Amino acid sequence: MNRYPMWKYLLILAVLVAGLIYTLPNFFGESPAVQISPLRTSMKADEALLESTTKALADAHLSTDLVTLEGNSVKARFADTDTQLKAKDVLHAQLGEDYVVALNLVPRSPHWLTAMHALPMYLGLDLRGGVHFLLQVDMKAALNKALDAATGDIRSNLREQNIAYSGVTREGDTLLVKFRDAAARDKGEAELKQKFADFGLTGKDVGSEMVLQAKLTVQAERRIQESAVQQNLLTLRNRVNELGVAEPVIQQQGADRIVVQLPGVQDTARAKDILGRTATLEVRLVDDEHQIDANGVVPFGLDAFKDRDGRTLLVKKQVLLTGERINDAQPGFDNRDNEPAVHINLDGVGARKFKEATRENVGKRMAIILFEKGKGEIVTAPVIREEIGGGRVQISGRMSTEEAQDTSLLLRAGALAAPMEIVEERTVGPSLGADNISRGFNSTKIGFMMIAVFMVAYYLMFGTISVFALAANLLLLVALLSMLQATLTLPGMAGIALTLGMAIDSNVLINERIREELRNGITPQAAINAGYENAFATIVDSNITNLIAGIALFLFGSGPIKGFAVVLCLGILTSMFSAVLVSRAVVNLMYGSKARLSKVAIG
Amino acid sequence: MEFFKIKRDIPFMSYGKITTSISLVTFLFAVFFLAYKGLNFGVDFTGGTVMEVHYVEAADLNKVRAQLTAADLADAQVQNFGSSHDVLIQIPLKANKAGAKLSDEVMSTLRQQDAGVEMRRVEFVGPQVGKDLIENGAMALLLVSLGIVGYLWIRFEWKFGLSAIIANLHDVVIILGFFAFFQWEFSLSVLAAVLAVLGYSVNESVVVFDRIRENFRKMRKAETAEIIDNAITRTMSRTIITHGSTQMMVGAMLFMGGETLHYFAMALTIGIMFSIYSSVLVASPLLMIFGVSREDFIKPEKTEAEEVLP
Numbered sequence: 024m025n026r027y028p029m030w031k032y033l034l035i036l037a038v039l040v041a042g043l044i045y046t047l048p049n050f051f052g053e054s055p056a057v058q059i060s061p062l063r064t065s066m067k068a069d070e071a072l073l074e075s076t077t078k079a080l081a082d083a084h085l086s087t088d089l090v091t092l093e094g095n096s097v098k099a100r101f102a103d104t105d106t107q108l109k110a111k112d113v114l115h116a117q118l119g120e121d122y123v124v125a126l127n128l129v130p131r132s133p134h135w136l137t138a139m140h141a142l143p144m145y146l147g148l149d150l151r152g153g154v155h156f157l158l159q160v161d162m163k164a165a166l167n168k169a170l171d172a173a174t175g176d177i178r179s180n181l182r183e184q185n186i187a188y189s190g191v192t193r194e195g196d197t198l199l200v201k202f203r204d205a206a207a208r209d210k211g212e213a214e215l216k217q218k219f220a221d222f223g224l225t226g227k228d229v230g231s232e233m234v235l236q237a238k239l240t241v242q243a244e245r246r247i248q249e250s251a252v253q254q255n256l257l258t259l260r261n262r263v264n265e266l267g268v269a270e271p272v273i274q275q276q277g278a279d280r281i282v283v284q285l286p287g288v289q290d291t292a293r294a295k296d297i298l299g300r301t302a303t304l305e306v307r308l309v310d311d312e313h314q315i316d317a318n319g320v321v322p323f324g325l326d327a328f329k330d331r332d333g334r335t336l337l338v339k340k341q342v343l344l345t346g347e348r349i350n351d352a353q354p355g356f357d358n359r360d361n362e363p364a365v366h367i368n369l370d371g372v373g374a375r376k377f378k379e380a381t382r383e384n385v386g387k388r389m390a391i392i393l394f395e396k397g398k399g400e401i402v403t404a405p406v407i408r409e410e411i412g413g414g415r416v417q418i419s420g421r422m423s424t425e426e427a428q429d430t431s432l433l434l435r436a437g438a439l440a441a442p443m444e445i446v447e448e449r450t451v452g453p454s455l456g457a458d459n460i461s462r463g464f465n466s467t468k469i470g471f472m473m474i475a476v477f478m479v480a481y482y483l484m485f486g487t488i489s490v491f492a493l494a495a496n497l498l499l500l501v502a503l504l505s506m507l508q509a510t511l512t513l514p515g516m517a518g519i520a521l522t523l524g525m526a527i528d529s530n531v532l533i534n535e536r537i538r539e540e541l542r543n544g545i546t547p548q549a550a551i552n553a554g555y556e557n558a559f560a561t562i563v564d565s566n567i568t569n570l571i572a573g574i575a576l577f578l579f580g581s582g583p584i585k586g587f588a589v590v591l592c593l594g595i596l597t598s599m600f601s602a603v604l605v606s607r608a609v610v611n612l613m614y615g616s617k618a619r620l621s622k623v624a625i626g
Numbered sequence: 160m161e162f163f164k165i166k167r168d169i170p171f172m173s174y175g176k177i178t179t180s181i182s183l184v185t186f187l188f189a190v191f192f193l194a195y196k197g198l199n200f201g202v203d204f205t206g207g208t209v210m211e212v213h214y215v216e217a218a219d220l221n222k223v224r225a226q227l228t229a230a231d232l233a234d235a236q237v238q239n240f241g242s243s244h245d246v247l248i249q250i251p252l253k254a255n256k257a258g259a260k261l262s263d264e265v266m267s268t269l270r271q272q273d274a275g276v277e278m279r280r281v282e283f284v285g286p287q288v289g290k291d292l293i294e295n296g297a298m299a300l301l302l303v304s305l306g307i308v309g310y311l312w313i314r315f316e317w318k319f320g321l322s323a324i325i326a327n328l329h330d331v332v333i334i335l336g337f338f339a340f341f342q343w344e345f346s347l348s349v350l351a352a353v354l355a356v357l358g359y360s361v362n363e364s365v366v367v368f369d370r371i372r373e374n375f376r377k378m379r380k381a382e383t384a385e386i387i388d389n390a391i392t393r394t395m396s397r398t399i400i401t402h403g404s405t406q407m408m409v410g411a412m413l414f415m416g417g418e419t420l421h422y423f424a425m426a427l428t429i430g431i432m433f434s435i436y437s438s439v440l441v442a443s444p445l446l447m448i449f450g451v452s453r454e455d456f457i458k459p460e461k462t463e464a465e466e467v468l469p
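Chains as they are written, first to last, in the working numbering: chain A, 24 to 626; chain B, 160 to 469.
If you're looking for bench data, these hints aren't it; they were derived computationally from the structure. Given the structure is predicted, the values throughout are model-derived calculations rather than measurements. Mixed in with the good hints, there may be bad ones.
Claimed, not checked - Just a sample of chain A residues kept apart from chain B, beta carbon distances all over 12 Å, derived:
1. N261
2. Q428
3. L455
4. A558
Claimed, not checked - Simulated DEER-style distance windows between Cβ atoms:
5. B/Q238 - A/D296: 25 to 35 Å
6. B/K260 - A/E379: 52 to 62 Å
7. A/I315 - B/K260: 45 to 55 Å
8. B/S267 - A/E93: 37 to 47 Å
9. A/V40 - B/K290: 46 to 56 Å
10. B/K377 - A/M484: 26 to 36 Å
11. B/Q272 - A/F464: 28 to 38 Å
12. A/I315 - B/A230: 31 to 41 Å
13. B/L301 - A/V241: 42 to 52 Å
14. B/K377 - A/L483: 40 to 50 Å
15. B/Q238 - A/G355: 21 to 31 Å
16. A/V385 - B/A230: 22 to 32 Å
17. B/I448 - A/F464: 39 to 49 Å
As the list claims (entries may be wrong) - Calculated cross-link-like contacts (lysine-lysine; reagent style DSSO-like; alpha-carbon spacing at most 30 Å):
18. A/K168 - A/K398
19. A/K67 - A/K216
20. A/K67 - A/K168
21. A/K622 - B/K380
22. A/K398 - A/K387
23. B/K176 - A/K168
24. A/K168 - A/K295
25. A/K67 - A/K339
26. A/K163 - B/K260
27. B/K164 - B/K380
28. A/K398 - B/K196
29. B/K380 - B/K290
30. A/K168 - B/K290
31. B/K222 - B/K176
32. A/K210 - A/K168
33. A/K163 - B/K377
34. B/K196 - A/K295
35. A/K31 - A/K168
36. A/K163 - B/K253
37. A/K210 - A/K238
38. A/K376 - A/K168
39. A/K163 - A/K376
40. A/K295 - B/K176
Beta carbons: idealized from backbone N, C-alpha and C, even for Gly.
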């Protein structure tokens, strides 16, 4: 009765071997490395980059352990952090214009392990050090901006259509369009209904005035807020690139919050500065008549800026338009020749100014300049072909789809869609992170040893088997965490310790049952069988209550608590497997084949 | 080796009145301290800034305080954290200052006096986030409780579900009572520990309940009280050993896990102690009070019994 079919032994063995393989990378540790990835989506990390990196390092006499091309980045591994830092400076100087050069840690495990996606556990910020920000997007401001833009747009629209109105005002979240007579209002209503689908319109008479109330529809409101968050996400990503962080996490959390995690970043002041910065955008005319003279002196009334290919252009000091006038910029296609293009939507004032400027300067080039940190860069400098009215501008020509995406992102990045505020910050220094790891590891180790000694002393052979099962549990849990690349936090490490402490319960239940059955006077073989059978229902019941707590923690926990919950849930699953199947397999192998078993060592 | 060789069942149920009164008194004490002193909520819940800084030489707290007062932060709490080199600075929420900027200011202030000061940790939590965390914590507690009652109801009977959850919520209140009495900091990780205890100690009641159900089927002639006594006595060995093992792990965290894990492990320790007590001496008497009887399980048994009769 205490025998498993061969396939069951093999299955259990296979699971344990897989567990061992996926746990292995955690033992090799990590090497300091420098990661080089392209700044823009249009560029790819390729063999050429690999070569230039190797060459740059060789020229600087910096010895590397390994330089590899992985995904869309090149990683160079070093023996120590000193070389790593030197290498970063060298590479930044040579490649910094187009690439993000960031410090990173890469697993030192052998290639065959990495090839089968066996990676070490992904450590959370509290273990590796770094910054965590939670930013709240000011949704009210996003709506305000949209309403203000609409106010101007409605005015210019009515004027263009020659519809007589006496004013457009804003009252809270309602726009009031006033007309002199009902006929004008009807005409206005028809016009606005067609052009401003985002608004719900209702007519109302206030005294002698015919008023049209315009209110954003619920769907439009939601869309504006969603796109505000999306735009802020994009902008943040762009900015974080500049910080040179190897594996930044920038995610939306809930309806109006954004999480930014920057592992390894210590200079929080700079990080906050860059995240909170407002970039500005300016449109100016390009001056192709003058040139910078031999001494590098810029002619009077002009400024010199570099474009994204590194060429210097001269532009006039006079600003035609600022980025605030841009409502939206989207990548798309030219409707004439289907070339990739960027579609820009200006607000009312912007449209009028743009119309004037383009009328006077047909055939000339205009430059769109992005100012960040007081430094300007020309995003694009297209030729003005004709007078452009209506506030809808299209930039096209010599552009790839990715460049169109990049450019539209940069144009939108001119300003955040809505202001953001840091509502939570957690920074952990690297030394504390290392301390946390060793504390978590040590307490697990000591706890495990104490349990092992006790179990062996109390249950003898069966105690030894229980300890083996517990070790298998730890192995499988670590393997599972490594496989899933779930973030391991300090509470997560506590979770590992706690699940181990709780997992032994299953084995105690089994062992106690076996003892009890033996006391009742049945044969050892029958007692072992009865012990496992009777304990099983109880083990399932008690683990399910734990699982309920784990799931609730996962659903409602945030950050580190979520890490704890993940470990708790996974640990319950692995403990069921190891306590019941693994320990039973060992017991079966030891005792199952003995026909006349008169005594078992269970203390 | 065997710690518990109990020949006769211990009549736990006859002590029912005493044990329930003891737990009622402890419970009332816990509630009193919760109401009177309240929980010392950590920055996770109240919002504010906590910073941990490390000095190369033993830190002079008074000097740090003076520096902060000079920087217009007189309401900052300054204390040692773990060792004389580490200092914990707590600053309540400021209405006029963007919270995230505050930590930078404090660091630059401290650096003026001692350039070697090292920033170990900064936590800033805005007021809205703290409120959300409290709400989420309460939701999690509710969900766990409902989930457990529901599961035990399906698995056993409503009487079991109800008495288990009452017994274990009583544990939760007592843990909170301890935190209120000693004014230990109640942080997010302590909340996690409390919820984990809830799942863990229900586990304890489940083991006893399983036995009670089994005994109702096996011990046909026994009284309900005898059945419960027998179930508790026979699971006692397992209870003590299991909790002892878990406590070894938790104890290792309590003493070696550093400050961050200390209160987490403390909550678990209290939870483990009281869960032994409550699952045995609170849940089971409650089961008696709710009037559990053989009839709750007898229906499938009856037909079986009839078939065996000659």
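Check your understanding: Quick check: which numbered hints come out false for this structure?
Key -> 3, 4, 6, 7, 12, 13, 14, 15, 16, 19, 20, 21, 23, 25, 28, 29, 31, 33, 34, 35 and 40
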